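*Asks:* Here the protein sequences line up with chains Y and S, keeping their order.
For the first sequence, the working numbering assigns the number 2 to the initial residue and increments by one for each residue that follows.
For the second sequence, the working numbering assigns the number 461 to the initial residue and increments by one for each residue that follows.
Keep in mind that a hint or two might mislead.
Derived DEER-like restraints, expressed as beta-carbon distance ranges [to be verified]:
#1 Y:Asp52 x S:Ile649: 53 to 61 Å
#2 S:Pro483 x Y:Ala6: 24 to 32 Å
#3 S:Arg520 x Y:Asp52: 17 to 25 Å
#4 S:Leu724 x Y:Arg169: 55 to 63 Å
What the hints contain is simulated information worked out from the structure, not anything from laboratory work.
Computed from a predicted model, the values in this text were never measured in an experiment.
Yeah, the Cβ is synthetic: ideal placement off N, Cα and C, and Gly gets one too.
One-letter residues, chain by chain:
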Amino acid sequence: MSSRADTARWTRLIRLLRPIHGQAVATARRLSRSLHDGDDLYQDAVLRAYDKLNGLRDESRFRSWFFATLLSRHRSRVRRPRRESVPIEDMLGRRDEPVGEDGARREEERRRAERAARALGGLQPVQREAIVLHDIDGFSVEEVADMQGVTVSAVKSRLARGREELRRFYLRFTRESEGSRLETLPAGAMAWPAKERSDE
Amino acid sequence: MNEKSHLDRDLAALRELSAREVPDLDTTVQTIRQHGPESRPRLWNFRRNAMALLHSVRTRPAFAAVAAGALVVLVALIVPVSYERVAGQDVALTVAGKGIGDREIAGVAQGLKGALGANGVTVEAFPGTDVPSFVLHATLPKRSGTDVQRSTTEFARELAAKGYSASVHVTPHRERVRYPAVAYAFDQIIRINVDGKSAAALEQEIRDRLAEAGVPDAHVSVTDRPEGGREVRLTVERQREGDVTSAEPEPMPQVMLTKDGAPLTGGERMTVKVQKRKVNGAASLVVEVTSNGKSAKAEVANYESMSDSALADAITAQLKQAGIEARVTVTGGKVSIEAVK
Numbered sequence: 002m003s004s005r006a007d008t009a010r011w012t013r014l015i016r017l018l019r020p021i022h023g024q025a026v027a028t029a030r031r032l033s034r035s036l037h038d039g040d041d042l043y044q045d046a047v048l049r050a051y052d053k054l055n056g057l058r059d060e061s062r063f064r065s066w067f068f069a070t071l072l073s074r075h076r077s078r079v080r081r082p083r084r085e086s087v088p089i090e091d092m093l094g095r096r097d098e099p100v101g102e103d104g105a106r107r108e109e110e111r112r113r114a115e116r117a118a119r120a121l122g123g124l125q126p127v128q129r130e131a132i133v134l135h136d137i138d139g140f141s142v143e144e145v146a147d148m149q150g151v152t153v154s155a156v157k158s159r160l161a162r163g164r165e166e167l168r169r170f171y172l173r174f175t176r177e178s179e180g181s182r183l184e185t186l187p188a189g190a191m192a193w194p195a196k197e198r199s200d201e
Numbered sequence: 461m462n463e464k465s466h467l468d469r470d471l472a473a474l475r476e477l478s479a480r481e482v483p484d485l486d487t488t489v490q491t492i493r494q495h496g497p498e499s500r501p502r503l504w505n506f507r508r509n510a511m512a513l514l515h516s517v518r519t520r521p522a523f524a525a526v527a528a529g530a531l532v533v534l535v536a537l538i539v540p541v542s543y544e545r546v547a548g549q550d551v552a553l554t555v556a557g558k559g560i561g562d563r564e565i566a567g568v569a570q571g572l573k574g575a576l577g578a579n580g581v582t583v584e585a586f587p588g589t590d591v592p593s594f595v596l597h598a599t600l601p602k603r604s605g606t607d608v609q610r611s612t613t614e615f616a617r618e619l620a621a622k623g624y625s626a627s628v629h630v631t632p633h634r635e636r637v638r639y640p641a642v643a644y645a646f647d648q649i650i651r652i653n654v655d656g657k658s659a660a661a662l663e664q665e666i667r668d669r670l671a672e673a674g675v676p677d678a679h680v681s682v683t684d685r686p687e688g689g690r691e692v693r694l695t696v697e698r699q700r701e702g703d704v705t706s707a708e709p710e711p712m713p714q715v716m717l718t719k720d721g722a723p724l725t726g727g728e729r730m731t732v733k734v735q736k737r738k739v740n741g742a743a744s745l746v747v748e749v750t751s752n753g754k755s756a757k758a759e760v761a762n763y764e765s766m767s768d769s770a771l772a773d774a775i776t777a778q779l780k781q782a783g784i785e786a787r788v789t790v791t792g793g794k795v796s797i798e799a800v801k
């Protein structure tokens with residue numbers, strides 16, 4: 002049975018989470034590159050935030066505080082022995098066979114997202130975080146530095162290295178596909194990386 | 461289409477798709493609370509935290525090493541161990557003389573108390589047929605047996621000058637204490653700084669510090685070698701009757717010589733332990749040698765029936781077999797071992 006203090010803590014957390022909930026879930030999915038794992042990561046971060054909430058004094062810093070918690074849980078999961086992941090095609094709502102022009106567009110979007118996820122999977126976790134937070138989520142470098150707990154120059158370095166890795170991935174991909182249409186990339190080539198790289 | 465535009469479009473697709481069908485916050489929190497900490501017993505939470513800690517330690521070897529080191533230090537600082545330590549000196553002054561009575565011995569006791577600065581003196585009387593004798597006991601908190609011996613001997617001389625017969629016996633007063641392990645370690649290591657000290661001064665300091673630590677009978681010899689360097693010999697003899705295998709060994713402090721605050725390194729360092737055992741009438745001699753990290757044990761049965769040279773050869777051969785080159789000499793049954801340079 003929940004105590005009154007627990008209920009009050011949950012109420013406070015929900016109030017603080019509400020403005021950033023959608024963004025944080027999406028970030029968790031992008032970091033995990035899986036719907037299932039991303040939602041699981043988000044729940045894990047919420048639970049950790051609940052545990053630590055009494056230590057949060059300045060509520061104006063909640064967003065970066067929560068995202069820092071999310072990153073911490075992400076790294077913790079990356080260090081664990083690899084669990085079975087749900088592939089991104091399952092994550093991204095491929096419930097129906099694509100039909101018609103709209104179906105084809107959605108299928109192409111799914112394939113692109115799948116390829117981006119695969120490219121991100123080849124990065125070191127901290128580089129992936131920087132790319133996801135800055136290049137996809139649109140956080141500023143300063144905000145990412147605050148969330149990652151490092152200097153601005155360190156974030157810039159992670160971004161530069163991460164982008165270079167991504168560029169190499171796409172260069173390889175372009176060569177392999179030899180000018181064929183992106184959409185024809187076979188599903189087998191989209192397998193998850195066998196092993197995560199270790200933390201920096 | 462170049463790789464950059466592929467990348468940008470792919471990231472945009474990922475951004476778009478990952479933001480779809482986000483479960484609402486209330487449902488998410490409800491799910492968490494159903495499976496969260498409140499729904500689980502305390503034991504489960506403890507297990508969860510313990511597993512998280514274990515995982516954290518397992519994935520961070522450096523952190524694990526530091527944490528383990530910190531834990532060892534913490535244990536050493538907190539967890540008490542029971543051991544015997546020298547807490548002071550027991551003084552026994554035996555006084556005998558014709559005509560010495562209760563009043564006179566009370567005066568002697570008062571004098572002894574004043575001379576030693578003791579808190580109290582107890583008197584044991586042994587009425588003899590013609591000459592009564594008394595043993596005055598005092599326990600001093602001083603750990604230096606040398607000072608106590610000197611003061612008591614001086615007092616005994618004064619008594620002798622008055623016509624009494626007086627003899628002095630000073631023994632370390634040992635107490636079983638329970639202190640943190642770190643205190644035990646400090647009690648067992650005697651650090652002596654060699655900076656600017658002559659051989660004689662160093663020898664005296666080692667002797668004094670050993671006496672202070674409850675080993676007043678150590679034979680200490682420090683000599684300067686003609687070819688340079690210094691030789692420090694330390695010999696402590698102990699006799700024990702009974703089962704040597706089950707008997708608790710007497711704590712023996714370790715002397716650590718330091719220079720500029722750091723332990724002396726280099727040179728030959730040899731520790732020799734010689735035990736003469738007699739079990740059911742059968743005598744055996746056991747020599748344990750540690751030399752620059754190597755350890756060897758030599759055991760010679762029926763050594764009493766052997767000549768000195770034969771015993772020396774037997775010990776030398778066993779030590780050599782164990783990888784230690786040493787010069788062994790036996791003189792009248794007394795074993796002496798030196799490192800071979």
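*Asks:* It remains to establish, for every hint, whether it holds in the given structure.
*Replies:* Hint check results:
no.: 1; hint: Y:Asp52 x S:Ile649: 53 to 61 Å; result: violated (45 Å)
no.: 2; hint: S:Pro483 x Y:Ala6: 24 to 32 Å; result: holds (26 Å)
no.: 3; hint: S:Arg520 x Y:Asp52: 17 to 25 Å; result: holds (20 Å)
no.: 4; hint: S:Leu724 x Y:Arg169: 55 to 63 Å; result: holds (57 Å)
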